[in-house]
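Chemist: As they're listed, the protein sequences go chains A and B.
First residue of the first sequence? That's 1 in the numbering used here, and the numbers climb one at a time after it.
First residue of the second sequence? That's 1 in the numbering used here, and the numbers climb one at a time after it.
Source of the hints: derived by calculation from the structure; they are not laboratory data.
Quick caveat, the model's predicted, so the values are computed rather than measured.
Backbone N, C-alpha and C define an ideal beta-carbon position, used for all residues, glycine too.
Do not rely on the hints blindly, as some may be mistaken.
[Stated by the list, open to error] For each label pair, taking beta carbons as the anchor points, the in silico distance ranges come out as:
#1 B:Ala69 <-> A:Ser12: 25 to 33 Å
#2 A:Thr45 <-> B:Gly56: 22 to 30 Å
#3 B:Pro8 <-> A:Glu58: 18 to 26 Å
#4 A:Asp55 <-> B:Ala15: 48 to 56 Å
#5 A:Gln111 <-> B:Pro61: 26 to 34 Å
#6 A:Met29 <-> B:Lys57: 39 to 47 Å
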Amino acid sequence: DQQVKQNSPSLSVQEGRISILNCDYTNSMFDYFLWYKKYPAEGPTFLISISSIKDKNEDGRFTVFLNKSAKHLSLHIVPSQPGDSAVYFCAASGGGADGLTFGKGTHLIIQP
Amino acid sequence: IAGITQAPTSQILAAGRRMTLRCTQDMRHNAMYWYRQDLGLGLRLIHYSNTAGTTGKGEVPDGYSVSRANTDDFPLTLASAVPSQTSVYFCASSIVPGNQPQHFGDGTRLSIL
Chain A
1 DQQVKQNSPS
11 LSVQEGRISI
21 LNCDYTNSMF
31 DYFLWYKKYP
41 AEGPTFLISI
51 SSIKDKNEDG
61 RFTVFLNKSA
71 KHLSLHIVPS
81 QPGDSAVYFC
91 AASGGGADGL
101 TFGKGTHLII
111 QP
Chain B
1 IAGITQAPTS
11 QILAAGRRMT
21 LRCTQDMRHN
31 AMYWYRQDLG
41 LGLRLIHYSN
51 TAGTTGKGEV
61 PDGYSVSRAN
71 TDDFPLTLAS
81 AVPSQTSVYF
91 CASSIVPGNQ
101 PQHFGDGTRL
111 SIL
């Protein structure tokens, strides 16, 4: 049973517009959430995180929103740039399990 | 700044052979992790180590073993490789265990024939 779900395998956005990537989780014990970006043949790169005591965290063009009651988080990228084209993974931790639980990823394509 | 170094970058291995994937970090992080990534799936935790001298099992530990003799190194061993272990393997580390960002190496692509 998947505890972290990214239901959109891919997303295409025009350059300069906002990209919104979504993630849902089922384990109510998760209390820390992260977004990673991954290019082909490279390891995942940490982007931004949020603790369950917050509902928003912002870092430059990247903002993560957390809705605990809906068990949903989203990553907003604005404005989107060509270099943002990559696979984005949502991950979660907490609930007594060591390590991170990852979603399957969303392939973001920024079109010129 | 090296961060996490994984070796080899890629390897083709005959089934039944023994293989050790190497992982070294120079950030003095206490916690280290091994994940595998399969096509269409996210990363899944194999084993972890919260500090030197301790290890623990993750979601998919069967067929793998690890050791943590010192802070910097966290090798992953496949005692007798099987084709289902064909995957990309990522090593990661974090300053401390728990709710911290993990930093990843660039992976080892392993094919078992």
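Chemist: Hint by hint, say whether it matches the structure.
Modeler: Results of checking the hints against the structure:
1. Ala69 (chain B) and Ser12 (chain A) have their C-beta atoms about 47 Å apart, which leaves the hinted 25 to 33 Å range violated.
2. Thr45 (chain A) and Gly56 (chain B) have their C-beta atoms about 25 Å apart, which keeps the hinted 22 to 30 Å range intact.
3. Taken as a hint, the range 18 to 26 Å is violated for the pair Pro8 (chain B) and Glu58 (chain A), whose Cβ atoms sit roughly 39 Å apart.
4. Restraint check, Asp55 (chain A) to Ala15 (chain B): a C-beta distance of roughly 50 Å satisfies the suggested window 48 to 56 Å.
5. About 42 Å separates the C-beta atoms of Gln111 (chain A) and Pro61 (chain B), a value inconsistent with the hinted range of 26 to 34 Å.
6. At roughly 19 Å, the beta-carbon separation of Met29 (chain A) and Lys57 (chain B) lies outside the given 39 to 47 Å, and the hint is violated.
Hint compliance for this structure: hints 1, 3, 5, 6 are not met, and every other hint is.
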